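Chains as they are written, first to last, in my numbering: chain Y, 82 to 596; chain H, 3 to 121.
Keep in mind that a hint or two might mislead.
What the hints assert, rightly or not - Derived CB-CB ranges, DEER-like:
#1 H:24 - Y:484: 44 to 50 Å
#2 Y:130 - H:88: 39 to 45 Å
#3 H:7 - Y:289: 14 to 20 Å
#4 Y:131 - H:103: 34 to 40 Å
#5 Y:509 - H:16: 28 to 34 Å
#6 H:26 - Y:286: 18 to 24 Å
#7 Y:565 - H:50: 51 to 57 Å
#8 H:92 - Y:569: 29 to 35 Å
#9 H:87 - Y:484: 45 to 51 Å
#10 H:26 - Y:477: 47 to 53 Å
#11 Y:82 - H:103: 52 to 58 Å
#12 Y:82 - H:10: 43 to 49 Å
#13 Y:362 - H:88: 34 to 40 Å
#14 H:87 - Y:487: 19 to 25 Å
Derived by calculation from the structure, the hints in this document are not laboratory data. Here the structure is a predicted model, which means the values were calculated and not measured. Heads up, the beta-carbon is just placed ideally off N, CA and C, and yes, glycines get one too.
Single-letter residue listing:
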Amino acid sequence: MHWIILPVVLPALLAPLIGFVMRHDIMLARTASLAGTLALVVLALGLTAMATDGTTHVYRLGDWPAPFGIVLVLDRLSALMVLLTAVLAVIVLIHAIASGWDVRGQHFHTLFQFQLMGICGAFLTGDIFNLFVFFEVLLIASYGLMIHSGGKNRMRAGLQYVVMNLAGSTLFLFALGTLYASTGTLNIADLAIRVPEIPVEDAALVRVAAILLMVVFAVKAALFPVQFWLPATYANAPAPVAALFAIMTKVGAYAILRVHTTAFGPGAPGTEDLAATWLFPAALATIAVGALGVLGARHLMQMIAFSVLGSMGTLFVAVAAFSSAATSAALYYMIHSTFAAACLFLIADLVVTRRLTDTLAPAPPTVQNGLFAALFFATAIAMAGMPPLGGFLGKLLILDALRAPGVMEWAWTAILLGSLLTIVGFARAGSVLFWKSTALTAPGAGTNADTPAAPTPNLRATPMQVAPVMLGLAILAVLAVLAGLVSTYLENASVQLFDRSSYVDAVLGTGQGEN
Amino acid sequence: MEIIVASTIAVLTAGGVYLMLRLRTFPVILGLALLSYAVNVFLFASGRLAIDQSPILAKYGAAAYTDPLPQALVLTAIVISFGMTAVLVMIGLGAYLEAESDQINLEPETDNTPDNGGA
């Protein structure tokens with residue numbers, strides 16, 4: 082059974098193949114990249130089916146026993162994350178191909194596949210140092226994707242992004258050194274045994290390591306006060322790349338969930354209260370920054386970036402509770418907000434490409450104004466968390482899970498006020514972009530979207546360009562319709578996440594492993 | 003021995019952080035390089051300091067040895083930071099040539115209109 086490592090190996094083999102063999106034939110590269118990503122979806126579906134029964138599958142690289150060798154671990158949560166990545170990647174890739182983004186620079190498909198390799202690896206690994214390595218893989222690919230097709234602002238924002246993340250990586254290594262010095266292991270399951278054994282008085286170094294790791298993951302997840310890189314990066318990245326980056330912030334969230342529940346979580350006397358104490362206020366502040374940013378943004382891409390920030394805050398309010406009920410609510414909201422954010426970036430790309438600017442100011446309507454307005458409206462209500470799409474359910478589940486006194490008033494106020502401000506911001510942007518524009522008349526063009534005198538008929542969105550957004554919206558709708566089924570799976574996933582002993586048994590025990 | 007290693011890490015880190023705060027491309031690259039040297043030495047020290055000992059156990063002996071795992075970690079970290087520095091130099095150069103400025107900070111009034119590559 083080598084299935085578990087395939088989500089890492091497949092993109093890792095495909096990427097250099099596309100880069101070296103197919104670089105002169107864009108059609109071949111596109112076909113290979115799309116086929117590889119579709120295969121990844123199939124694989125992820127298979128892995129999810131494998132994990133549904135609740136077994137923790139362990140893959141030992143080189144068949145070295147667990148604390149000494151590196152292991153990949155597949156449980157319900159990691160299978161779900163790989164599936165989420167694969168489906169999102171298909172949507173983004175279709176958009177990138179249909180809108181021609183992939184030919185505006187070199188090696189888009191190679192970097193895209195390396196990015197997928199890093200993300201899948203980060204979700205599957207059971208070793209913190211290996212997590213660092215996969216972080217670096219996904220980061221180095223994201224540097225290339227971030228500055229894809231160049232341009233002054235993008236290069237400068239890209240430089241800032243690289244510097245920020247290199248500093249983060251250095252911090253990660255400091256955290257790992259501290260952790261290894263105080264526990265003697267970097268395997269997550271082994272840590273789950275050793276950290277609780279450390280008495281509270283001697284836990285100072287482990288506490289430092291836990292906080293350092295949390296800061297590193299918070300940088301990836303764009304949590305206040307280390308969120309400053311996100312708006313500039315997402316607003317200046319090519320739109321399909323920004324849509325793919327919607328999963329990158331979730332890598333940080335996943336890492337906090339995994340490491341701070343399994344290794345430093347409930348039951349470890351020295352460190353169990355740390356993450357919750359610091360995460361909760363940080364998450365509240367992130368919601369505030371996101372909501373105010375949405376309200377104050379003067380550019381469309383910037384506004385969407387701030388709404389991503391707000392959704393990360395909402396997610397972390399639930400994560401900070403570190404209970405299995407709140408975690409399953411957080412996971413539901415995470416799936417939803419990932420697709421909603423990606424769809425927003427894609428529809429924004431369709432609009433911005435036609436308006437030639439992303440400033441939020443009235444301009445003559447573009448072709449297909451009505452279609453874009455409808456799509457923007459649908460994705461905006463998804464992102465803001467209004468019925469009928471699943472964002473509403475996600476926020477409701479989170480509110481319902483956070484009823485503890487002392488938490489409830491803060492969390493409810495922040496989430497509800499944040500949602501209100503986000504709705505106002507999106508409503509304002511939508512009316513400026515799509516309504517006020519119909520009052521203006523473009524020179525030589527009618528106000529009706531279907532007028533044949535539209536300035537550049539070749540800019541009409543092809544069905545293939547609209548398809549990814551539609552697909553994303555369809556997934557959001559399915560997520561809302563099948564909410565019962567999905568949340569049953571997620572409840573099981575979070576119960577499994579908090580069941581530390583079965584994770585430890587599966588990884589360190591004998592006879593349980595697959596290979 | 004401990005004091006030498008500790009103060010080396012401290013000086014390297016302090017220098018790295020200071021250079022990073024200069025917010026111009028070249029000092030920042032140097033600062034990140036210094037920081038990565040500091041973290042490499044730090045990782046070495048995380049396996050306890052042992053002088054003149056081999057990283058493998060003597061056969062059947064209870065002889066002292068130095069922890070081999072941090073050495074493997076440092077090797078990985080060196081390779082990664084080397085590659086990352088190369089990427090950073092290229093991107094820094096690209097940003098300098100495009101923007102004709104080596105400031106890391108974006109100007110407060112940057113026009114964020116994405117460049118759509120001639121679409």
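Hint check against the structure, violated hint numbers in rising order | 4, 5, 6, 8, 14
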